[in-house]
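First to last, the protein sequences are chains A and B.
Counting from 1, position 83 in the first sequence corresponds to residue 1021 in this note's numbering; the numbering is continuous, with no gaps.
Counting from 1, position 194 in the second sequence corresponds to residue 1132 in this note's numbering; the numbering is continuous, with no gaps.
Please keep in mind that the hints were generated in silico from the structure rather than gathered at the bench.
The reader is advised that the hints may include incorrect statements.
No copy is singled out in the list; a pair is fine if it fits within one copy or between any two copies.
To be verified - Simulated pairs of lysine-lysine, DSSO-like, Cα-Cα distance not exceeding 30 Å:
hint, residue 1, residue 2
1, K969, K1009
2, K1131, K1149
3, K1131, K1148
4, K969, K1107
There are 2 protein chains.
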Amino acid sequence: MSRIKEDGIKEAQMQVAEIEVMEDVYDRNEKAAQELNEKLNKSKVFALNVMGSPGVGKTSVLSSIIPLLDKKAWVIEGDIQSSIDTERLNKLGIETYQINTGGACHLDSPAIANASDKLLPKDGYLFIENIGNLVCPAEFMIGEHVKLLISNVTEGSDKPYKYPLAFEKADIILVNKIDLIEYVDFDREMFLKGVRALNKTAPVVFVSAKKGEGFEEVTEWIKEKAKAITGE
Amino acid sequence: MSRIKEDGIKEAQMQVAEIEVMEDVYDRNEKAAQELNEKLNKSKVFALNVMGSPGVGKTSVLSSIIPLLDKKAWVIEGDIQSSIDTERLNKLGIETYQINTGGACHLDSPAIANASDKLLPKDGYLFIENIGNLVCPAEFMIGEHVKLLISNVTEGSDKPYKYPLAFEKADIILVNKIDLIEYVDFDREMFLKGVRALNKTAPVVFVSAKKGEGFEEVTEWIKEKAKAITGE
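Isolated chain A, as found in the complex:
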């Protein structure tokens, strides 16, 4: 057999192995997500997977939402490295568990199940702040009831067109840093058209975490969705 043929066969074999391993990783994650979700239901905990790019304002948004809620909230804070956001939330009296992935580009269900066992949330809300990344987190369930996606006006209005999966899977979309809208070129119509091409139902809410504006609508939506889990 020629060297080129041998290389080709080896490469094809490795590609098959790669697909099998990826499918297995994915399946194990989805199974763990479902188990965690059932466990959270029993504890009357409504879980939100909070996703968005680096620096979009995920922690600031949580700091704005949590004081407006009717029940206690816990946060699982995902970062590659550092505990800066956990320290910020702790200063506000919010009970937080830090996960450092070391390098992994998204959180996974086993890590969230473990963190949840440490926090032991009960009859309230569990916010899971995912790694700052508009790509990988959208692919993996982590036990959540809903996905809360945060975009912002400084990122530009083309994000739904370029990163469709996150926008397609979101249950609610926040557009943060609306206080900067007059200084940037953000085309609201283009953005909304892009979102609606992927997602017909998710509310799109413009907010400013810096000014604390726009969060009444968001918290009302969260409370309404949570009723099915936490009871009234």
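Starting from the known structure of chain A, arrange chain B on it as the hints suggest.
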């Protein structure tokens, strides 16, 4: 053997398989990167791996740099989906090849080698705009001579602490959207301290792609670095 033990062994086997597959993917990529880099050297092409978060201004920065260069520049444009950025660059007369990864969170060397075979750059600059992501692109060589990292003032000053690999591996760091600095809380000292803890040598240049400010220093640096490859 008990069910739990069997599950444990199966899981351990899958984890070994996962590590082996990942190492193989990584090794094949690095080998292809080296081959491509040698090919580019022969064509006197200086290649830059352009990295940064979604919406940080990668395409705008390229639009500001390229007209200031002394030789022709080509762009390989990486996106999950859409060809919005390629259309923008084409309007400026910049020859561009679009790669849509479909979902993959970073570009890889075989895709860049293929794109380079289509563009056939010669005696000039090849900018490779990676997927908007501050995590995954930093892990993979794609044939480049240098990594150009773009951050921006609206992302906040804590990014080096949270996404260390990209800052550690960068050869030059641009901080874009400096025109917005008076409207955001950006702590220049904290940012620079975080960068220097990871990276002693990369120049950090504050720019505004919107205003076209700060790019003389960047283009001088690029021209100087390229001399070794393209000759004077």
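Here is how each hint holds up against the structure:
no. : hint          : in the structure
1   : K969 / K1009  : within (28 Å within a copy, 54 Å between copies)
2   : K1131 / K1149 : both (27 Å within a copy, 28 Å between copies)
3   : K1131 / K1148 : both (26 Å within a copy, 25 Å between copies)
4   : K969 / K1107  : within (19 Å within a copy, 36 Å between copies)
Hint compliance for this structure: no hint is broken.
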